[in-house]
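Now that you have both chains on their own, put them together as the hints suggest.
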Amino acid sequence: MEELILARIQFASTTLFHFIFVPLSIGLAFIIAVMQTMYVLKGNELYKKMTKFWGAFFLINFAVGVVTGILQEFQFGMNWSSYSRFVGDVFGAPLAVEALLAFFMESTFIGLWIFGWDKLPKKIHLACIWLVSIGTILSAFWILAANSFMQNPLGYTLQNGRAEMNDVFAVLTNQKLWVAFPHTIFASLTTGAFFIVGVSAWKMLKKADVEFFKRSFQISLIIGMVSALGIAFSGHSQATYLVSAQPMKMAAAEGLWDDSPDPAPWTVFALIDTDKQESTMRVEVPYMLSYLAYEQFHGSVQGMKNIQAQYEQKYGPGNYIPPVKTTFWSFRIMVVMGGGLLLLALIGLVLQWRGRLEESPAYLKWMVAAIFIPYIGNSFGWIMSEIGRQPWVVNGLMRTADGVSPNVSTGQLLFSLISFSLIYTILAIVMVYLFVKVIKRGPHEKLPEDVSATDPFNTEGNNYAFK
Amino acid sequence: MHLSELWFLLVSILFVGFVFLEGFDFGVGMGTKFLARTEQEKRILLNTIGPVWDANEVWLITAGGAMFAAFPHWYATLFSGFYLPFVILLLALIARGVAFEFRSKVGAKQWRLAWDWSIFLGSLLPPFLLGVMFASLIKGLPIDGEMNMYAGFTDIVNLYTVVGGIAFVLLSYLHGLMFIGLKTTGEIRERAHRMAQRIYVIIGVVVVLFVSLTALYTDAFREKGTFLIPLYSAAIIAYACLYYFMYKKKEGWSFVSTGLVLALVTSSFFVALFPNVMISSIDVVNNLTVYNAASGSYSLKLMTIVAVTLLPFVLAYQVWSYYVFRKRVTDKEHLEY
Chain A
1 MEELILARIQ FASTTLFHFI FVPLSIGLAF IIAVMQTMYV LKGNELYKKM
51 TKFWGAFFLI NFAVGVVTGI LQEFQFGMNW SSYSRFVGDV FGAPLAVEAL
101 LAFFMESTFI GLWIFGWDKL PKKIHLACIW LVSIGTILSA FWILAANSFM
151 QNPLGYTLQN GRAEMNDVFA VLTNQKLWVA FPHTIFASLT TGAFFIVGVS
201 AWKMLKKADV EFFKRSFQIS LIIGMVSALG IAFSGHSQAT YLVSAQPMKM
251 AAAEGLWDDS PDPAPWTVFA LIDTDKQEST MRVEVPYMLS YLAYEQFHGS
301 VQGMKNIQAQ YEQKYGPGNY IPPVKTTFWS FRIMVVMGGG LLLLALIGLV
351 LQWRGRLEES PAYLKWMVAA IFIPYIGNSF GWIMSEIGRQ PWVVNGLMRT
401 ADGVSPNVST GQLLFSLISF SLIYTILAIV MVYLFVKVIK RGPHEKLPED
451 VSATDPFNTE GNNYAFK
Chain B
1001 MHLSELWFLL VSILFVGFVF LEGFDFGVGM GTKFLARTEQ EKRILLNTIG
1051 PVWDANEVWL ITAGGAMFAA FPHWYATLFS GFYLPFVILL LALIARGVAF
1101 EFRSKVGAKQ WRLAWDWSIF LGSLLPPFLL GVMFASLIKG LPIDGEMNMY
1151 AGFTDIVNLY TVVGGIAFVL LSYLHGLMFI GLKTTGEIRE RAHRMAQRIY
1201 VIIGVVVVLF VSLTALYTDA FREKGTFLIP LYSAAIIAYA CLYYFMYKKK
1251 EGWSFVSTGL VLALVTSSFF VALFPNVMIS SIDVVNNLTV YNAASGSYSL
1301 KLMTIVAVTL LPFVLAYQVW SYYVFRKRVT DKEHLEY
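Note that the protein sequences, when read in sequence, are chains A and B.
My numbering applies: residue 1 is where the first sequence begins, and numbers increase by one.
My numbering applies: residue 1001 is where the second sequence begins, and numbers increase by one.
What you were told as hints is all true, and nothing was included just to trick you.
Label-pair distances were calculated between CB atoms; the ranges are: (1) B:THR1330 to A:VAL336: 53 to 59 Å; (2) B:TRP1117 to A:LEU346: 47 to 53 Å; (3) A:GLU312 to B:LEU1216: 56 to 62 Å.
Simulated pairs of lysine to any residue, SDA-like, Cα-Cα distance not exceeding 25 Å: (4) B:LYS1109 to A:PHE435; (5) A:LYS52 to B:TRP1111; (6) A:LYS207 to A:TYR363; (7) A:LYS52 to B:GLN1040; (8) A:LYS48 to A:GLN352; (9) A:LYS325 to A:PHE269.
Treat the hints as calculated values from the structure; they're not laboratory data.
Here a beta-carbon is modelled for each residue, glycine too, at the ideal position from N, C-alpha and C.
Next up, chain B with everything else stripped away, as it sits in the complex (with noise of 0.2 Å):
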């Protein structure tokens, strides 16, 4: 295997691994607005992801360096070409951010609602924006012999690309609700249960209408579709589990399901994209490949040697990160956030 394509193996985890675990994270800011009803209901939610959101997060950010020190025209092209659509990440970010640390802080109730909305929208726009440009990136996009990306706002915000932004602010929502199931007793448990059900088929649909779009609008399927059908189909058996643990009250494996849709469709785009990084609408010999998009063999090698020594550590860490704070989180206890 040559270096670029396992440096494109690692990106494409990062990024999966950000969907999985922020995906959840992102459908808990969401629940704040569509499934707490009282402020004590909203702190608890903010709770349940209070230790772990930074770190989640955190998984974008290395993403973004990996591609930065192993594709550096990726990195170059993806975020000069997807300009706007980053800035407006970037503000949501920023603001749900400090939210989280800001909220509690004090009791006025404007103070309480700036912040609520700043969770929710800084919930609501990444999984969406993140959902338009994987499939933009599929789809292709105006990218010039210099490897600049010069693209309009059809370009990027079509019917395709929004439906794609759609299923992924529903699918993190559905994550979300899982992991409130997750961690939370009593009522509000009972209320993520009960809304899981409720959208559960909506949800199917949209995100069997985002893949029919692909078969429909992108190369996709023609040109890996022996990669991508056991691929979606997995996704549909996960999706079909996710009823039955439902309807068991398997909460960890419900869990698991939605983490594992997320994941698929995520894999999907990078199983999709590949060895290409950056599709070009205008001509094809203009596609940056993880071949002419990478660092030089020295960089790659030195790289790989720091995150096949580095990463156990931070998975290991990680892991008993979420260990520690396993139990469900209540009213009866104090409340950081």
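Bound conformation, chain A alone (with noise of 0.2 Å):
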């Protein structure tokens, strides 16, 4: 038992980890690759120097992600390997997938693009970060892909005790992958364009460089803009798919415990018991659960105790609820950040065309708080879903806790999740500073290597700074 709450700590954090440093890196390469494709366009150096700056920052927070990567890959065999036993069949070919296609692809061209800057003609290494960027949503594709079989699992048949694959084409058309893909592509191009505008608008508070982070705040207000809505959009339709898929997420999602009155009111706000299994002091928007589910203003949805109930029949006894007040308020939250970035794209859009940005310090201020809200989103929005798929690990087909390796014990799993814990500390730190470094200096000054030179604490740097 303490195995299994180790482990699942263990995943929960490192993959939450992970999951900070993906969609920055998702967004930022497709920035960059859109200024870099304007410099060759145009022959501006501003977008050069554009490209090279937010590119700093990308390479910095794609070093963290593609470690952090690796552990990804390893940690289903080393903590869930009674899970990974039982989909390796079905779960295990996206992820070979996602290397052979997106791991090589984006390693290869990422280390032709930061060393070939000298070496390649300019239209081959601008294809270089193109097949970065692509790379890095091919591989978010593949692994919604796996996701998406724990959500709704597809296209598998039950032999030998293991769920095996029998049709590829229902795993890649599964509904879930189709709406999280879009969703996660457009809540990574916010996470990229609110960076670059937070960080700009920072510079601009500061009137350092103001010509290039207003030029630079101006793309990615519009790439923010443009992906803000598409979450919006995608997230309608993930609402959608639930209903029909994982109701009981749904339920627990809008902490309905009994099914919904006919059209359903979604709640903004509730007071949830789940010992009683109640929830009080309701605030309700009318019609709109209806809506967001069947796309039309009548229609109940199911509650808790009455899908309880047919799982016990389906599957046995057991509780089949999971945590709802997580699942309902991580909900919440996600839906409120994303609104929030909505809004605050709105009004920049809005300040940018009548001029002036620079004279709204105000808002300024706010986009600078604001990098920070497509990271709670991102969090809480998985939060939501795989919390919310609890008790399950595969939906329907089997338990968390019968996932969990048999063979590591407590004492292996303290020392890998406090060591795991430890470096990951370091390297968040380290981040930070580092970022806070590159922003400090800013697009013009000179390259890093030749900060040591002027280090006077640093006698190896005199040496060959004089050679």
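Written as structure tokens, this is what we have:
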């Protein structure tokens, strides 16, 4: 039992940590590719500077994303060996494709991009960053294909006590994949866009390199606006999917114990009591849940008690209700973050259109803080998605408790959990430190290697500075 | 040929490819402590592998992914059974990977010292752990009837496996020295040559010792002697040729020779294993084989099509990236790392 809890804490913390870096990498790779395209097409050095400056963040972030990703690839076997045996056939395949198709592409072309500025023709060098960007997006697609199997298992048959794949098209046309993939990509683009917008806002407030940062701000704000809209629409399609494929998650996300009235209202706020199985003090928006679920203004949504009774018949006795409060509140936090981003982007576009960005310090300050909004939304989105699936690791097929490695002891788990947490904490601190350093340096100053030459405490630096 | 046999071959190739490519990366990483004398030399070394190390590491990740897809039981038993070695391997690879990117971003001495140690240990521990793992795989491990491995410390760490680990570290270092010879100029290039000549004999002795212990501690030669003897003979010939190439200062051929030795030694593990993928020291009926550990035929067929389609492209662009960065790295140019 202790092993299960520790293994779950480790998986949750390492995966959430990994997903701090993934969206920013996907978002920045795309925006940088756009900037470099403008440089190659227009020949304007400003865009080259932009590419390099924002590229510095991308590379620091990408490095952490890559190394924390290796752990992801290995920890299914390490901590969830029973799960891996059961689903490897159909879950392992997309992971292998991800490595073959996406990881090789990203890693090779990022090497070519970093080191190839003076070695490759301009257009081929530009193609490299686009291939990196495509690689990051493909990577998201294949890992989501794997995750979609956990949420909504399709294209398999139970054989030899395992889930064996028998229809790859069913795996790849899983509705969950096609609602989650755009949602994740739009969220990633938004993360990248708001990062650039936020840093630019900071520099504009400081009146440093205003032209450079204003232009970066404008490009990214447009991308941020479009992708925030994308999040909203793709999020809506997630809800329609949930009602039909994962009704328990939907009911938990709404704190709905009994079947809803028809038409179903959407709950803004409620006090949830999991012992008494009731939600009180509901603040509701009439008709809205019906609309979210069925795209029409009528229709009732099933409650948890009802679904629990159905599942007991289907799967035998047991508790099939996920942690309701976590699911409920994660969903709300995510939605509020998404809405906030949309609103901020909209205000920004109006200010930009009126040419009053620089005279709106209050707005710029908001945008600095807004750097963190996508991260909060991303994390709580995944918490809702994964917690809402409990007690299942593969929905309706395997319980999380049955997936854990039987041969990994509490001591081993404590060692790994503590050491991973420690090294991840160090990585986080170092990364923030480096980000701040790059921000302070700005786009025009010398390259970092010369820093050592001017550091009075670094005698080694002096040695080769005068060679 | 059964598809699961083909996938065993493919997983073996991925591991061999990883050891050949990342082997010299690891060697160069060790060289930052053992070979480089100045800050500038360290940076030159790091920049020789700068553009390629990440893609080389993906060979390991892909090997893991391919195991997961084609041999779920092998993946599950291996990764959970070697839990702590994998934790340490991951810590090492995490520290090393970010160190490349972070090291030269700040000039302070302590900063660089910390990342230097990350690079050094991150390059030393992985080949050691992989050597230990490969050796214990052919020696056999306590695997029960449920395919779960419950290994004690001495099941994994013992004389035989430790010699295997050391052999892997030394071969990787030698391979790295050859790469340095190939990619640098001047003083450090000469020093790499001299260092390689100095440690040539001792590395040969360790590798021969390891092969002898394999004959002593495992069934490998009894079961697969007809394949292993030619394989090790080829490795010995390659190692002898290395001496000639070093003497003649043929850097390309020297690099190929050390790579060949590493590749042959790594292949020998898979030859010795086949058709098993994990050998149980408790009972042979508990052995995981390419047949009982494999995925269903639908998955294997599908994955074969995917791999056959994608691998040529992967190989093509990786070769191209080596072609783009074929020139020697000097301190005259801008050093990214």
